[in-house]
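Chains as they are written, first to last, in this note's numbering: chain A, 1 to 174; chain B, 1 to 246; chain C, 1 to 227; chain D, 1 to 59.
Note that these hints are calculated values from the structure, not bench results.
One or more hints might be untrue.
With a Cα cut of at most 27 Å, we get these calculated BS3-like pairs of lysine-lysine [said to hold, decoys possible]:
| # | chain 1 | residue 1 | chain 2 | residue 2 |
| --- | --- | --- | --- | --- |
| 1 | A | K105 | A | K81 |
| 2 | C | K3 | A | K81 |
| 3 | A | K105 | C | K25 |
| 4 | B | K181 | B | K119 |
As the structure is a computational prediction, the values presented were derived from the model and not from experiment.
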Amino acid sequence: MAGANGVGKTSLLRMVCGLAPIESGEIFWNGTPIHAQADAYRQDLCYLGHLNALQESMTVYENLAFTAALSGMAPDAAQTKAVLAQFGVAGRDRQLVRHLSQGQKRRVALSRLALSQARLWVLDEPFVAMDEAGVRMLADLIAAHLTQGGLAVLTSHQQVDIGAIPAQLLELRA
Amino acid sequence: MNTRVIHWFKFSSPQNFYVLAGRMQPWFAALAIVLMAVGLWISFFVAPTDAQQGEGYRIIFVHVPASQMSMFIYLVMAAWAGFGLAFNTRLSGMMASALAPTGALFAFLSLVTGSLWGKPMWGAWWVWDARLTSELILLFLYLGFLALQSSIDDPRRADKACAVLALVGVVNVPIIYFSVKWWNTLHQGASVSLTRSPTMASTMLAGMLIMVIAFWMYTIAVTLARVRNIILDRERHTEWVKHAVE
Amino acid sequence: MKKLGLGSVLLAMLRREVSLALRQKGEVLTPLVFFVVIASLFPLGVGPESALLLRMAPGVLWVSALLAAMLSLQRLFATDYADGSLEQMALSSTPLGLLVLAKALSHFLLSGLPLVLMAPVLGLQFGLDGRALGILMLTLLLGTPTLSLIGSIGAALTLGVRGAGVLLSLLILPLYIPVLIFGAGAVEADAAGLGMGGHLSLLAALLVLSIFFAPLATTTALRISLE
Amino acid sequence: MQWNSVSEFFAMGGYAFYVWGSFGATALVMLIETLLIRRQRQEVLASLRNELLSEGASS
Numbered sequence: 001m002a003g004a005n006g007v008g009k010t011s012l013l014r015m016v017c018g019l020a021p022i023e024s025g026e027i028f029w030n031g032t033p034i035h036a037q038a039d040a041y042r043q044d045l046c047y048l049g050h051l052n053a054l055q056e057s058m059t060v061y062e063n064l065a066f067t068a069a070l071s072g073m074a075p076d077a078a079q080t081k082a083v084l085a086q087f088g089v090a091g092r093d094r095q096l097v098r099h100l101s102q103g104q105k106r107r108v109a110l111s112r113l114a115l116s117q118a119r120l121w122v123l124d125e126p127f128v129a130m131d132e133a134g135v136r137m138l139a140d141l142i143a144a145h146l147t148q149g150g151l152a153v154l155t156s157h158q159q160v161d162i163g164a165i166p167a168q169l170l171e172l173r174a
Numbered sequence: 001m002n003t004r005v006i007h008w009f010k011f012s013s014p015q016n017f018y019v020l021a022g023r024m025q026p027w028f029a030a031l032a033i034v035l036m037a038v039g040l041w042i043s044f045f046v047a048p049t050d051a052q053q054g055e056g057y058r059i060i061f062v063h064v065p066a067s068q069m070s071m072f073i074y075l076v077m078a079a080w081a082g083f084g085l086a087f088n089t090r091l092s093g094m095m096a097s098a099l100a101p102t103g104a105l106f107a108f109l110s111l112v113t114g115s116l117w118g119k120p121m122w123g124a125w126w127v128w129d130a131r132l133t134s135e136l137i138l139l140f141l142y143l144g145f146l147a148l149q150s151s152i153d154d155p156r157r158a159d160k161a162c163a164v165l166a167l168v169g170v171v172n173v174p175i176i177y178f179s180v181k182w183w184n185t186l187h188q189g190a191s192v193s194l195t196r197s198p199t200m201a202s203t204m205l206a207g208m209l210i211m212v213i214a215f216w217m218y219t220i221a222v223t224l225a226r227v228r229n230i231i232l233d234r235e236r237h238t239e240w241v242k243h244a245v246e
Numbered sequence: 001m002k003k004l005g006l007g008s009v010l011l012a013m014l015r016r017e018v019s020l021a022l023r024q025k026g027e028v029l030t031p032l033v034f035f036v037v038i039a040s041l042f043p044l045g046v047g048p049e050s051a052l053l054l055r056m057a058p059g060v061l062w063v064s065a066l067l068a069a070m071l072s073l074q075r076l077f078a079t080d081y082a083d084g085s086l087e088q089m090a091l092s093s094t095p096l097g098l099l100v101l102a103k104a105l106s107h108f109l110l111s112g113l114p115l116v117l118m119a120p121v122l123g124l125q126f127g128l129d130g131r132a133l134g135i136l137m138l139t140l141l142l143g144t145p146t147l148s149l150i151g152s153i154g155a156a157l158t159l160g161v162r163g164a165g166v167l168l169s170l171l172i173l174p175l176y177i178p179v180l181i182f183g184a185g186a187v188e189a190d191a192a193g194l195g196m197g198g199h200l201s202l203l204a205a206l207l208v209l210s211i212f213f214a215p216l217a218t219t220t221a222l223r224i225s226l227e
Numbered sequence: 001m002q003w004n005s006v007s008e009f010f011a012m013g014g015y016a017f018y019v020w021g022s023f024g025a026t027a028l029v030m031l032i033e034t035l036l037i038r039r040q041r042q043e044v045l046a047s048l049r050n051e052l053l054s055e056g057a058s059s
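Could you put the whole structure together from the sequences, leaning on the hints where they help?
Okay, here's the thing in structure tokens:
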């Protein structure tokens, strides 16, 4: 999903999540409107917005374990370590989030995707503040998610190649 | 039957309601003035002097309607708010916020007239009587509503947040009233009440009733006028408002 | 990956809240100190006459506890709102109402319970006897969870709003009145030999009511704030 | 009618201040509210006209 700043990309994503009210129209998931099956829909959903949802005075592991717990999951320490290494923040799991740089925080936030079992990913500007290797890795992760039958809705300012998987570009204009 | 349903929903759009309110408002205003004139005539020239309270009892002709309105308006406001939350209609929030200032004013008037009555009857401007105290708390609830309304910039969000507050308030009002009554009887026992005159002449009752209806008409007229302002302000970017102004 | 039951999810929420608060010790201590200071101001204001203080004690201690419990309310959702955690909670598969309940419980544990434990010390300053102190603690124990629950509605309504602190107190304090009346009333009624059973059961009824209704109102308010 | 003279009517059996105070306060509040709503309406209309004028100038 692309479009100029302020055209309503974030608002649309928030509507897809069911956070923002919809003026007119309806959003369906598995053939049912999302507001009619809110709890089931949320089980399938993983949303990462502009905000990282990380508490500064908790460690990286505590943060990840907490958000996983919210969707009823309990990742063990080894698994978290491996995912963090994959995202280029290896060995930081016992550090307080406060001591990480902006880029590292973003990576920690995105590493939730690898820990989540949701089928629908809704990502707001996931490639921002990532270096080239990070973009590559994230694109591969999304590609893998799609080949496993998952679905990803994301906004981006840049064209990112996610391989041979068919993608739809929706361009919003004012 | 079906056409009637459509008819009503037509008026729930702000644009149509603006026109409808404009047409109805003068009638309610006129009714309010006429009824108030009749009510005042009865209160001063027809209703006899009270045996116990002398001429001082005449305060009930404004006190009772004001207190009743302050309570009813809160209920009506909460009903609009609940309707707005349930069906997500824009007009409901506007109606609730148009009612709130009038409700607060009536609560205030009820306190002022209550203490003007209390000074000669109880010998004090303020007594922690169950009714007066509940009325004071009701005023606090109104002020909270108005404060929340004015501190949220996005009107749609303000309407919804205020709707939640109004509903929480309406659940609490009976609890508060009951607890204040309990507290009052525990601490001082019942005192002479402004409204519980044992020998209320029928003309007194009639006068009070007419004043109550007059206050209703006043409230409706004022609310319709205010909601028209709110509609114009909120819908300022729509075509029909631009036409209406020209 | 292990699956968690609803109970463990709520426990995780509770543990997070408590450990976060304990890492910022001021959050627990400030309301407590505030409670002590407010309660100590009253004798300075009305004079040290012991009969008067004894009569005022339940009311003064209850009002002080009420104000102290309100101090930390504003932060109940504010940091989670600012960093996006609240969005994650609202979008998680755990019902938001239960998460709110866990939040309110943590607020009680961190600001209500310390007040309950501190109250007898202050009660002694006002000359309350052992029995009255016990009843005071009991009413606070029954009443402060209700304060946290009702308070959570106000905290959710004032999220990200101008002047949230003062506004919160304006919205919430009138709703606190029944708790105050029955809480302080129980101690007075017992001192007057009237029996306090009625007060205590009404306090418990308020608690049950707010357990059912407050999370409903709070989740609605939170979703409105997140729009 | 129970009033023998105008002055007796205004004296209200000694309760003049309280009775007239109550009715006066009510009348005053109603008058002020009406005036405030009228002013609010004029302000909204004025700001709408301003907006229209500036739009007309820019387009």
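So, going through the hints one by one against the coordinates:
Of the supplied pair hints, the one linking K105/A and K81/A holds, its CA atoms being roughly 15 Å apart against a limit of 27 Å. Annotation: proposed proximity of K3/C to K81/A holds, straight-line Cα distance about 19 Å (limit 27 Å). As the CA atoms of K105/A and K25/C are separated by approximately 25 Å, the hinted pair is consistent with the 27 Å bound. Of the supplied pair hints, the one linking K181/B and K119/B holds, its CA atoms being roughly 21 Å apart against a limit of 27 Å.
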